[in-house]
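Residue numbers (our numbering), protein chains in the order written: chain A, -10 to 544; chain B, -10 to 544.
Because the hints were derived from the structure by calculation, they are not lab data.
Just so you know, nobody snuck in bad clues.
As the list makes no split between identical chains, a pair holds if one copy fits it or if it spans any two.
Calculated pairs, EDC-like style, for lysine to aspartate or glutamate (alpha carbon to alpha carbon, straight line, at most 16 Å): (1) 92 <-> 483; (2) 15 <-> 166; (3) 169 <-> 22; (4) 358 <-> 342; (5) 177 <-> 164.
Number of protein chains: 2
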Amino acid sequence: MSQAASLFQKHEALLNDAVEAIQSRKFYTPYPEHPKAYGETGDEEGKTAFAKQMNEDFTELLQEGASGSVGDEVSPYLQLGLGVRYPSFTTTQLIEKAKGSSKVWAALSVQERAGILIESLEKVKSRFFEIAYATMHTTGQSFIMSFQASGPHANDRALEAITMGYMELTRFPQEVEWVKPMGKFDIKVDKNWKAIPKGISLVIGCSTFPTWNTVPGMYASLITGNPVIVKPHPKAILPIAIVIAELQKVLKEAGLPAEICQLAADASSAPITKELAEHPEVKLIDFTGSNVFGDYVESLPGKTVFTEKAGVNSCLIDSVKDITPVIQNISFAVSLYSGQMCTAPQNIFVSAEGVKTAEGHLSYEEVVKAISEGISGIAQHPKMGAGTLGGIQAEATYNRVQTAAGKGGKTLLASEKIANPEFENARVASPTLIELNADQKDIYQSECFGPIVYVIKTKNAEESLQLMKESAASKGAITCAAYTTDENLMGKIEDEMNSVFTPVSFNFTGAIFVNQHAAFSDFHVTGGNPAGNASFTNPDFINRRFVWVGNRWVN
Amino acid sequence: MSQAASLFQKHEALLNDAVEAIQSRKFYTPYPEHPKAYGETGDEEGKTAFAKQMNEDFTELLQEGASGSVGDEVSPYLQLGLGVRYPSFTTTQLIEKAKGSSKVWAALSVQERAGILIESLEKVKSRFFEIAYATMHTTGQSFIMSFQASGPHANDRALEAITMGYMELTRFPQEVEWVKPMGKFDIKVDKNWKAIPKGISLVIGCSTFPTWNTVPGMYASLITGNPVIVKPHPKAILPIAIVIAELQKVLKEAGLPAEICQLAADASSAPITKELAEHPEVKLIDFTGSNVFGDYVESLPGKTVFTEKAGVNSCLIDSVKDITPVIQNISFAVSLYSGQMCTAPQNIFVSAEGVKTAEGHLSYEEVVKAISEGISGIAQHPKMGAGTLGGIQAEATYNRVQTAAGKGGKTLLASEKIANPEFENARVASPTLIELNADQKDIYQSECFGPIVYVIKTKNAEESLQLMKESAASKGAITCAAYTTDENLMGKIEDEMNSVFTPVSFNFTGAIFVNQHAAFSDFHVTGGNPAGNASFTNPDFINRRFVWVGNRWVN
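The shape of chain A in the complex, shown without the other chains (with noise of 0.2 Å):
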C-alpha cells in the first residue's frame, strides 16, 4: 500500500465525521479552539521556537533552486521587523514546478489526497502555538485570537474543504457498466467518470488573517488535484509558510513532489501578485483583501476565480428584551481585534423612535449613550483592553482611524492610543465612534476597514433596514446582526437581507459574536452580493475547480 494510501486509511474515521457534519451542519470539530487542549508545554515550547526563528532564515521548505530571499514583516506589537527572510523564486520557476508536479498530484486518488492533506493538518496542529505567535506579530491579533483563528478554526476550514472535495469528487461512480434495452437485443457501455484538474491554483493570501483565509482555496485547489502556488501577503508570510512547509514533508515522505504546494514570498516593494495572476498557465485564482484588487481579478478573463472583498456590515437595534447584553455583545463584536475581521460591524442602525425593551422605552439617546459607554468601556478596561482591540496591523489602517472624524458627523468617542502592558510599542488605538444621519451615505456606506464605528439616526427601523439592504446590495455585505423582538420585522428583515445574499444573525447576546462563523456550519460569506464571489465551503467552491469527463468503450 502507498504511503498516500496508508494515510488515507488512518484519518478516513475523521474524513467521515467531516461528512456527516457538513450534511448535518451541526457543531463539529476536530481541533479544540482552547489552548489548553495542546499540552502543558505547548505555549512555551512555540514561543521559544517563534523567537528562535526570528532574524533567521526560513529553512524548512523543500523547494529548491530560489533566486533570492525576501522578508519585510513587521509586528505590530514591537513595530520592529521579525527578520525572517523566505527564499523567492520567479513566476517562471514556480510556473515550471508547479506543471512538473501537476500529473502525478492529479492521478493520485482523492483518498489518497485527502490522506496526505490530512496528515498535513495533524503536523500542522503540533505548531499550532509557534503560528499563533507568528500571526499575532505579524496581523496584531491578540494571542488567544491567533491561536484560535490561525490554529484550530484554519484546520477546521481546511478539513472542512478537504472534505467537501472528497464528497463532490466521489458523487459519481468511477466506472460502470450502462446496458440499454432496446427490445431485440442491448447496448453495452462501459464508462468511465474523471475529475479533471482545472490547472495551476495561485491563493493570493492577505494581511490580517494569514492562514485562515489561505487555507480553504489552498486545500480545495489540493484535494481536486490542482497543483497550487499560494502568494500570501507580504507583511504575513511566516504563518502560512509554517503550514506549507508541513505540509511539503508530508508530500516528501510519501514519494511526491513538494511543489505540489509551493510558497511564492515577495517583498511589498517588488510585489509578484499580477505577474502570476496573468500568467497563462494559471487558471484558478483564490483572493483575499481589498475590493480594487479582488475587482482585477475577478476582470482576467479565461481564469476560474474565488474572492473574498471587503463589504459594509450592518447592524440594527429595534428591540430588545434587556439593553444591557445587547451593547456589550455590539461593543466586543466592533472592538474585537479592532474592527480588522472581514465580519465586524461598521454601522448601527438606531431609529430616532429609542428602542423598546422589556423594562420599557429607551430614547435614541439613551442607546447611542449605552453603545458608547460599551464600546469606550472594552477598550479602557484594564485587563481585557489590550486584549480585545489587539494591534492594528497597517499603518495605513492606523492614520484611516486618526482622520476619520474629519469626514463629517459627530465624533462620540475619538480614537485614543491605548496602552498593552505587555508590549509597550504597541500600535493600538480604541474605536472611533461617530454619529451620522441617515442621509450621509457619502461617509457610512464605503468601508472604513479598521475600528472605525457609525451610529446612523433613521426615522425608524423600516428606513434603517432599506438602508442596510442598500448597502449590502451596492458595496456587499459579508455578516449583518439585527436585534428585535418584533416576528414580523424579523422576518422581514430575514428576507430583504437574504434577497441582497446577506445573512442576519439576531439578537446575539452572551459568547457568540456576529463575527464568528463556524466552519461546518456557517457558510463564510455568500458568494452573491460585492463582498466575494465565493462561499467557505460550498459545493460551488469544490466543484469549480475540476471538470467532470466522461469515457465510454464499446467491447
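Using the hints, position chain B against chain A.
Chain B in isolation, oriented as in the chain A frame:
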C-alpha cells in the same frame, strides 16, 4: 394541501428514481424513445394538430398584454413558411412580468416546484408527436430524430435538471439547533439555510435543437426558484412554445402566475436577444449557438452564464477488429442530421501507415475509400438516405456545403442534392468529403457546421492524437471518437484528450453513436474547453443559479 404539494406527492416516486439514476449513472428513462410507446393514434393526432396550427396564431400561451405578433419559421422540408404567429412582448414587459412572479415562485419549497415542473413534463409527453412535427418542420430533422430529440430525450434532460436541482437544494438541512459546548455551559444558536435564487433567467435557444438544448437551462433555473424568459431562435419557436404553454397551464392550475416562465418570441428582422441579455435585472443566461454570440454572452459583466457553443469534433482510426462496422458507425455518425449535431465528428484522422485489423493491414488509401463509400452508401441509399440526412435547417449551411470544396483539399465526395420521396422541395444535401494534409489546419481546425467531413492524413497515430488535442484545446470539442485495439494508445488518447476536457468514445460500433449523450449518465459538453462553459447536468449547472444564505438566532 396545495396543488403544488399534491403534485409533488404524485411524482415523488419518479423523482426518487431519477435521483438514483443520477447517482448510479446507469441507463434510465421514464420516457421511452420509441414512438410506438405513446399509443396507436398518437402519430395521426399529432400530425393533425400540427397541420391545424399552420397559418394560425399560437394562442395557447397564458401571457397577457402582447404588444404585437411575430413568426417567420420556414419548413426545410416544404420550403414554405409555417405561418404561425406568436404574441410578442417588449423587453420591459417581459422583465416586469418576470419580476412580478419571482417572489411567489421563490417562496415555494423545492418539493412544490419539483411537483409542478414534473407535472409539466407529463403534459408535454401527451404532445410528443405534435412537437415532433413542429421540430421536423423547423429544424429539418427527420421525423424519428425530431420525435426522440424534442420529445423523450428532451424530457429526460429536463427531468435530469429538475432532479439535480432537487438534490442540491435538499443537500443541507433547512434548519438546525447548533450547540457548542463551552465547558461550563453550551452556546445554542438556531440556524436556517436558504437557497436564494439569483434572479431573472434568460434562456436563448438554437435553431437545430429547439427543445433539447433549451429545457435543461429552463428547468434548472425554474427548480432553483428563478423566473425564466425563453428566447427561442426565430426560426424554431413552435416546439418550445408548446412546452412553455403546457408548463403555463400547470402553473395556472396551481394558482401561480403563468409568467414564471415566459416565451419571448422575436423576428429575425428585429432581434431582442441582446437587449434582454444586457438588461440589469437578468442575472442568469443560458445560451446555445455560435461561438461569436456565445463569447459575447460570456463577456457580459455581472451575469452568471452557461454556454454551449461550437466545437471541432474529431475521430481517430488507428486499429480495429473489423473495419466494416467501424466504417458503418462513422459514416452514420457524420451523416445523421447532416452533421448539424453539435456532437457530430468533422475531422477523421487516418495515418499514412493505414489501419491494422484482425484480418490484416489496410492501407491509408483503402481506409479512405471505405469511408467514402460508407458515407455515399448512406446518402444514396434509397430507403435510409433522406431519413438519415434529414433537411438542412439554414440556407447558410446549405451554401457552406456548396462552397466547402473551394477552400482547399481534394474532394472525395461532392455534395449532391438528395431526393426525399415524401417532400419534393426538401433541402437535402449529401455530405461532402474532403481529403486534407495534416498541415492544412486553417481549413480543418475551424468548425464547418453542416455535412462537411474532412479526412486528414497524418504521419502516425501520435500525430493524429496531437492534432485532435490541439484543436480541442484551441477550438473546443464536445465529442471525440477513437478506434484502436492498442491498450497503450487507448490510455494515451484518454489521458491526452481528457487533459483538454474532452470525453472520448472508444470503438463505437453497432447501434450506439458518438453523437448520442444519454441523460442521467453522460454529461453533455464538459464545460472545460472552448465548446462551452457548462455541462448538462453537472452540479455546477445547478449550484451557480442560487446562493446559499444562512441565518442565525440566539433566543
